[in-house]
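Colleague: Listed here are the chains, written in short residue letters.
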Amino acid sequence: MDITLTIIGQSVAFFVFWWFCAKYVWPLFMDIMEERRQKIADGLEAAARAEKDLELAQAKSTDQLKVAKVEAAGIIDLANKRGSQIVDEAKEKAKEEAKRIIAGAQADIEQEVNRAKEALRAQVSAIAIAGAEKILEGSINQAANEDMLNKLASEL
Amino acid sequence: MAELADAAHAAAEHGAEGQTVQEYITHHLSYLTYGKFPDGHWGLAHTPEEALEMGFMAIHVDTMGWSLFIGAAFLFFFRYIGLRATSDVPSGIQNFVESIFEFVESQVNAGFNYKNPHVAPLALTVFVWIILMNMMDLVPVDWLPEIAMAVGGLWGLEHMSFKVVPTTDPNITMGMSISVFFLILYYSVKNKGLGGFLRELAFHPFGKWMLPFNLIIEIPTLFAKPVSLGLRLFGNLYAGELLFLLISGLLGVYQLPAHFVWAVFHLLVIPLQAFVFMMLTIVYLNAAHEPAHGDH
Chain A
55 MDITLTIIGQ SVAFFVFWWF CAKYVWPLFM DIMEERRQKI ADGLEAAARA EKDLELAQAK
115 STDQLKVAKV EAAGIIDLAN KRGSQIVDEA KEKAKEEAKR IIAGAQADIE QEVNRAKEAL
175 RAQVSAIAIA GAEKILEGSI NQAANEDMLN KLASEL
Chain B
295 MAELADAAHA AAEHGAEGQT VQEYITHHLS YLTYGKFPDG HWGLAHTPEE ALEMGFMAIH
355 VDTMGWSLFI GAAFLFFFRY IGLRATSDVP SGIQNFVESI FEFVESQVNA GFNYKNPHVA
415 PLALTVFVWI ILMNMMDLVP VDWLPEIAMA VGGLWGLEHM SFKVVPTTDP NITMGMSISV
475 FFLILYYSVK NKGLGGFLRE LAFHPFGKWM LPFNLIIEIP TLFAKPVSLG LRLFGNLYAG
535 ELLFLLISGL LGVYQLPAHF VWAVFHLLVI PLQAFVFMML TIVYLNAAHE PAHGDH
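Protein sequences appear in the order of chains A and B.
55 is the number of the first residue of the first sequence in our numbering; add one for each residue after it.
295 is the number of the first residue of the second sequence in our numbering; add one for each residue after it.
Calculated directly from the structure, the hints in this document are not laboratory data.
Keep in mind the model is a prediction, meaning the values are calculated, not measured.
Hints may contain errors.
Said to hold, decoys possible - In silico EDC-like cross-links for lysine to aspartate or glutamate, where the CA-CA straight-line distance does not exceed 16 Å:
#1 K171(A) <-> E209(A)
#2 K330(B) <-> E343(B)
#3 K330(B) <-> D56(A)
#4 K502(B) <-> E343(B)
#5 K93(A) <-> D382(B)
#6 K484(B) <-> E584(B)
Sequences and hints are given; from them, build the entire structure.
Modeller: Laid out in structure tokens, this is it:
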């Protein structure tokens, strides 16, 4: 065992290497590993957040589906109502139309009847005159006769 | 005796100029030493005897050089990886380096309970540096020395020693453990105050009326820390290297199976000793950060 200056050289090297390692090597890896730890933590957090978001979105979609169903039911109801309303209205209109047509027809009939009556009256009066002429055997005063006959006709 | 003769024969085949096994091993366990000769001039020692004569004023060029080279290579490599690392999914080499970081960080978190951002880099430096220095043990024992001798031959150093495993040099291991020892002293005084640190030495474990006994127990305990830390690492690696040399020296060219078996076993020792050194450094520094005993 020969102790020489080497022991001092090695001590100096020890401290120099320690200093170099602490200043230029250790921090490099510590920073990188810390950075990576941060990245992983962020990633995990993001994943958890995404999961929560998904849950929220699912809840929201079910809610919306429910609302949509209710709305659809309302719309269908409304449509049904409107449909029956339209049918009712149509029936109403049809009835009115029918009434109107019936009324028109009745008016026509009345008119026809009146006309027929008029015609009949004229014919009756003509027959009556002819009969009277035959009875009187000659026409007295055509004009006065005519007057009298018209009066008679309008009284009928 | 016949076996020994055979072994010597094998060794004789091994060394170019008829070394014995002992010479072979001694040669491998000597250092390439640059130092101050007794006559005052500085230069490379040509023989182990010359190196011994230099005493303290010498430097082991081989182990020191490998130690610096390995430490610098490791740190620059890690920095290179760190600079182009991304915080995306890590791949390949970055993953490997990061797993080392996480391992060291978890050990520091487990063993060190105080806030000190300098301890984790220290643990990393010590762990990886020692593991790599220990791994030089797995390079077949003759490769690098033979290359060195071939190169050294150009300057008349064809017999030079060249030790490639820095942790088999007590100067290297003790150099680190003494540095740790100074850190223990520094952080103890910093955190407990000089008074608190001395009180811990003098008044524990038996209270202030037994002060001499406390000192007798505590002071050797304190100094045993760096000595045991450094010598444990040195002893394990030196023993491992010695066995590699024995296998190589005794078996010559037939060493491969035995070398392989011992290398596999040694694979356990290499990270284990680095881990032990790192853990003890963390534990000692943790103790140095604890509040002084009298204070609570």
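Colleague: Taking the hints in turn, state whether each one holds.
Modeller: Cross-check of the supplied hints:
{"no.": "1", "hint": "K171(A) <-> E209(A)", "result": "holds, 13 Å"}
{"no.": "2", "hint": "K330(B) <-> E343(B)", "result": "holds, 13 Å"}
{"no.": "3", "hint": "K330(B) <-> D56(A)", "result": "holds, 14 Å"}
{"no.": "4", "hint": "K502(B) <-> E343(B)", "result": "violated, 51 Å"}
{"no.": "5", "hint": "K93(A) <-> D382(B)", "result": "holds, 9 Å"}
{"no.": "6", "hint": "K484(B) <-> E584(B)", "result": "holds, 11 Å"}
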